[in-house]
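On the provided structure of chain X, position chains C, H and Y as indicated by the hints.
4 protein chains.
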Amino acid sequence: MAPDAAADDLLERMERISFQGRNLATARRIWEKMLGDDCTIFLGMAGALSAGGLRLIVAYLIAHRYIDCLVSTGANLYHDLHETRGRHHYIGSPREDDAALQAESIDRVYDTYAKEDEFCDNDEWIAAFALTLERRPYTTREFLYKLGEYLWQQTGQEGILTAAYRANVPIFCPAIADSSIGMGLSQARPRAASAGLIDVIGDIVESANLVIRHPRTASVVLGGGTPKNFINQASVQAEFYDDRIGGHRYALQIVTDVPHFGGASGSSLEEARSWGKLATDAEQVTVHADATIALPLLVSALAESARDTVAGRKPLAFELNGPTMAVNGRPFPSARFEAR
Amino acid sequence: MAPDAAADDLLERMERISFQGRNLATARRIWEKMLGDDCTIFLGMAGALSAGGLRLIVAYLIAHRYIDCLVSTGANLYHDLHETRGRHHYIGSPREDDAALQAESIDRVYDTYAKEDEFCDNDEWIAAFALTLERRPYTTREFLYKLGEYLWQQTGQEGILTAAYRANVPIFCPAIADSSIGMGLSQARPRAASAGLIDVIGDIVESANLVIRHPRTASVVLGGGTPKNFINQASVQAEFYDDRIGGHRYALQIVTDVPHFGGASGSSLEEARSWGKLATDAEQVTVHADATIALPLLVSALAESARDTVAGRKPLAFELNGPTMAVNGRPFPSARFEAR
Amino acid sequence: MAPDAAADDLLERMERISFQGRNLATARRIWEKMLGDDCTIFLGMAGALSAGGLRLIVAYLIAHRYIDCLVSTGANLYHDLHETRGRHHYIGSPREDDAALQAESIDRVYDTYAKEDEFCDNDEWIAAFALTLERRPYTTREFLYKLGEYLWQQTGQEGILTAAYRANVPIFCPAIADSSIGMGLSQARPRAASAGLIDVIGDIVESANLVIRHPRTASVVLGGGTPKNFINQASVQAEFYDDRIGGHRYALQIVTDVPHFGGASGSSLEEARSWGKLATDAEQVTVHADATIALPLLVSALAESARDTVAGRKPLAFELNGPTMAVNGRPFPSARFEAR
Amino acid sequence: MAPDAAADDLLERMERISFQGRNLATARRIWEKMLGDDCTIFLGMAGALSAGGLRLIVAYLIAHRYIDCLVSTGANLYHDLHETRGRHHYIGSPREDDAALQAESIDRVYDTYAKEDEFCDNDEWIAAFALTLERRPYTTREFLYKLGEYLWQQTGQEGILTAAYRANVPIFCPAIADSSIGMGLSQARPRAASAGLIDVIGDIVESANLVIRHPRTASVVLGGGTPKNFINQASVQAEFYDDRIGGHRYALQIVTDVPHFGGASGSSLEEARSWGKLATDAEQVTVHADATIALPLLVSALAESARDTVAGRKPLAFELNGPTMAVNGRPFPSARFEAR
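Protein chains in written order, with the working numbering: chain X, 20 to 359; chain C, 20 to 359; chain H, 20 to 359; chain Y, 20 to 359.
Keep in mind that the hints are not guaranteed to be accurate.
As the list claims (entries may be wrong) - Partner residues aside, some chain H positions facing chain Y, computed with beta carbon under 7 Å:
hint, residue
1, P193
2, P209
3, I223
Stated by the list, open to error - Computed beta-carbon distance windows for the label pairs:
hint, chain 1, residue 1, chain 2, residue 2, range
4, H, F259, X, G331, 53 to 61 Å
5, C, D56, Y, E31, 46 to 54 Å
6, H, Y109, Y, E123, 47 to 55 Å
7, X, H233, C, K52, 49 to 57 Å
8, X, P350, Y, A122, 54 to 62 Å
9, H, A122, X, E137, 50 to 58 Å
Said to hold, decoys possible - Chain C stretches covered by chain X per the calculated footprint, using a threshold of three residues with CB under 8 Å from any CB of chain X:
hint, region
10, 31-43
11, 120-134
12, 187-198
13, 294-306
14, 334-341
To be clear, the hints were calculated from the coordinates, so they are not data collected in a lab. The C-beta atom is built at its ideal place from N, Cα and C for all residues, glycine as well.
The shape of chain X in the complex, shown without the other chains (with noise of 0.2 Å):
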């Protein structure tokens, strides 16, 4: 017991006890090794962890590349986009009378409120800037690249949204249908029929050339949701057009759901490797906790012990601004999945 330790050497201690905090440090070493290992590392985000308060710990990871690609459900898009246009989440409780706060228009998550009437501007803000873009389908990644760059423009804010804009890492959303930004963007539709149209099977084709083209991948993940099966499935895709790919060399998820009931967010990491998502040897983890406790002291202890490694790391350079990405200056094949 030292009093005040820091991350870094709290972690190390916690490699010596057992449960999930032997799994919390150990998570921390795995993930020093998909950096200094030439991998392309996901990073998948679902449960409500911007309005939670960890976009910061999220933008700092992008910004100073510990990730190359982020798959996040829209939800946490959205509430990193309210935050940077000025908004805010407020401090709430989890045993407040909704109907009253229904009332007064609160919206709330768990412990955390939000004021409609802002959530509606953000609506509004989304499907004026939907009707800015061509009348031609998105990729979530394109769309989504834009929307930082136009955010980014407006408030030139620090965001997950606009530290993926500048620093060029690419952001898919399979179920952006399914959050505040899909209605935002068919608030456009009454204004313009063919507007706010969003080409989620094309995110599927580029996300397995994501990996085809650098088959050495890593997953991070935390809670669950579509993020984490959209990042596994990328790697199965890619197998199908590749037989050379092989799965994640490195995987890491912190999640609260449990696996015996089926789900895919609660799946183990080991059922992963019958899939072919995870490589048979993978070095792998799963640490069952609430992210809201286990990153900031995750990210903390490696932000100290992976400084090194980070600085010397060469990620891949990407382009992201048109139908077509590309990578380290080569661009997708439209439409198909590359072959090698």
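Just chains C, H and Y now, with coordinates in the frame of chain X:
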């Protein structure tokens, strides 16, 4: 204690006990009320319920109009298609060696196995089907109707997709890109660059119009995930265009996730009230249970006690075969929210 | 899907599905095998099952000798005594104002209420009973037999304690000091300094001797806690004195806790093997479910399908009325482990 | 995001986020208030925390009087004794073949191993110690003080039992019969029929008297189980004899269990209010987290921010060496509750 009690009797007795047993008993009564109260009943379905063996229960609910609209993950529809096409899921073990399974091309979902070759065959089948469609955006509602039609024509077998086709029950799949149906669609692209274009934003417009057209709604949610939020989002989006909506009148959810980590899957129905997703005076219940235990018991009891109510029900009649859906003979407006 | 299926039929169908539904179906088959295989069947009972409305199911299991020995928390026995004495638990809400409940002297167990005055009356009743006993240590086995006897004489009502008394089924309560039965006993002390002396270490000797006397054992655990460990400890302690024991031949547990936090309540039955608590080839299953849903369905189906097996069963005959218990007419040695 | 932030700083930032991160930050502030407010602070400890590597943190809390009374499961004290005696717990895997472990006499606690031979040696050591005691009932409080004393004399090593002995901090172990300490005690019986007599009902009297003597109390609970309830029971029992008690003034619990299955381990602190276990206006927080992650961070931050408060604290002085304990020089009455 009665040996071999029937489902109806078991649940009736469970009304007088506590905890999740009582909640399950209450769920039956609330569903009965939905059926007797001229509501549009949405069913949300996440988690590996089709692979887990519950697809024919869901097909029964559709065919007999215990529900009016299904919102599902792609995986549940894909695993349904898999079995409707005559393939199987196999009884396995959660403790098998996953590297060995991979070597034999067996994919594991907790304690259940499937053959990867058969999955690859499904993907190709979906890609081939996608190529028969017009080169224009399809909402998932229209696409899945066509898919159900084709599947029925090819197989004549019962299942979720075929039951929904035959009963004209709409299916939305907001996260279709995060599933093997999406992967199948993506495999059409190399053969036709504009094939497999899915308009998930159009789904948002249609689902909100569904609520605007008939504002008395009810929500039955299995397992959280994107379906849970999409059903609530439809209500919120409808409210944005028509302030007489007022949220679901009844809601029940069977979930294994918990509220205190802040994610939407586990969020309480009280919280849903603050957002106006649920009417302030809505009757609601959350059952914390695995649907593989709770659903067979619940539906078996409901099919007994609600038999007459269902027989006397006059559910909405949908027309789903085209870009614009119609309710009771009146088509939705094209690409905009319906004003009342 | 069959409307109003009976429990036996429901569980039979659930053998062919997945996840916890399949596990519950397997639990029925394993319990059948225990009953047919000359085992001493231990039932462990933790969690608020009596307050939650399951006490008459447990009484049924005792009376019909589906089990041979009960290990319980004190609370379950206390809440059983409360109802056997004609008091009630009330249907309440988990979201009531607890300060208001306190002001009205209502004690809450999640969604269930009880009157504090009636609890205080129970405590005094137990204290008065304790004063009628001899001034010597009693194992919980002997004490609870006497308590059941007195309760039956006073009330003539069915319940766990009275059923165990009438069927001569031993009850152990290793954590009796952590319950209102313990509180009641402590209230005898001011009136007689040596009253209420409970020899919980003697329970360890007796429970191990139970296993030594008849080494074929089986374990049914509801909810983990001290009963789960105490049942396993009996097996391990017996093994220490007689290396032919070999652990339980069958084991099933219905728990809501999970293994990955390291606690005994959620620990897996695989882990139990490493300790020798379970035979290496034991048939076992864990059902992750709330007992208020799982137990009524399970016992109702079992009472149907195991009817003949139970009728033909020749369970151990216990004599429990004294400091030394006897099995099939042969008393245990006093204060020592029986050598074989 | 600050690389390598210290614990104090991490938790301070987490006060402004959401969910369990915020709750953990709040837990630190509530513990600070306990320390500054002349409270008797009870610590409850369940789950495999000693085997899991947290025993020296608990020893630190005892030695520096961050707490005043420990209530523990027997297993945590036993695994503490095991390490204090120079034995070890080993880093293992949760997926090892348990039959193979059994064959090598290795006992598994999730991902942690111990040698069965060493456990057997501990049991004998405890039995031998028990035979050195007088032939009369010992409360666990007295027995564990003597055990800590003997352990300190034999080993001179730091640990929970030895720290409590040296700091005169009482330990209660209400479920001692459900642990290997109990097994060790039972092994004294064959050698002396009246050895190992533990008076757990006497513990109830003493723990209530502790509250009556100094009614300002606070509760810190790790992991639920019997310690959680025993601490609350002391408050309720004290109230029965002295209606000025009023429940704990502060309460924090770090648990992984949930309220909605009705068990005491997961029960909410709101519910505790209805019983009067908690003062109506008590400050309280529940942290849903594995203690192996939460406790090192929490205690490290607390040891920094509460340094001065702890230095200025004047905790109760206990005398524990005898059948009757004393507080600040005044002994408790023998075998009865103290009237004020």
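Right, here's what the structure says about each hint:
1. Of the supplied interface hints, the one on P193/H holds, with its beta-carbon coming within about 4 Å of a beta-carbon of chain Y, less than 7 Å.
2. A hinted interface residue such as P209/H counts as satisfied when its beta carbon comes closer than 7 Å to some beta carbon of chain Y; here the least separation is about 4 Å, so the hint holds.
3. With a cut of 7 Å, the hint placing I223/H at the interface with chain Y holds, because the nearest CB-to-CB distance is about 4 Å.
4. Take F259/H and G331/X: their Cβ atoms lie about 57 Å apart, and the range 53 to 61 Å holds.
5. For D56/C and E31/Y, the Cβ-Cβ distance of about 51 Å falls inside the hinted range of 46 to 54 Å, so the restraint holds.
6. At about 53 Å, the CB distance of Y109/H to E123/Y agrees with the hint of 47 to 55 Å.
7. Separation of H233/X from K52/C is about 55 Å and conforms to the stated range, judged on CB atoms against 49 to 57 Å.
8. For P350/X paired with A122/Y, a C-beta distance near 59 Å keeps the hint of 54 to 62 Å intact.
9. The hint said 50 to 58 Å for the Cβ distance between A122/H and E137/X, and at roughly 40 Å that hint is violated.
10. For the region 31-43 of chain C, the stated coverage by chain X is violated: 0 residues have a C-beta nearer than 8 Å to a C-beta of that chain, whereas at least 3 were required.
11. Judged by the Cβ-Cβ criterion of 8 Å, the region 120-134 of chain C is covered by chain X as claimed, because 9 of its residues qualify and three suffice.
12. Coverage of the region 187-198 of chain C by chain X holds. Counting CB-CB distances below 8 Å, 6 residues qualify, and the rule asks for three or more.
13. For the region 294-306 of chain C, the stated coverage by chain X holds: 3 residues have a C-beta nearer than 8 Å to a C-beta of that chain, and at least 3 were required.
14. By the rule of at least three residues with a Cβ nearer than 8 Å to a Cβ of chain X, the coverage given for the region 334-341 of chain C is violated, with 0 such residues.
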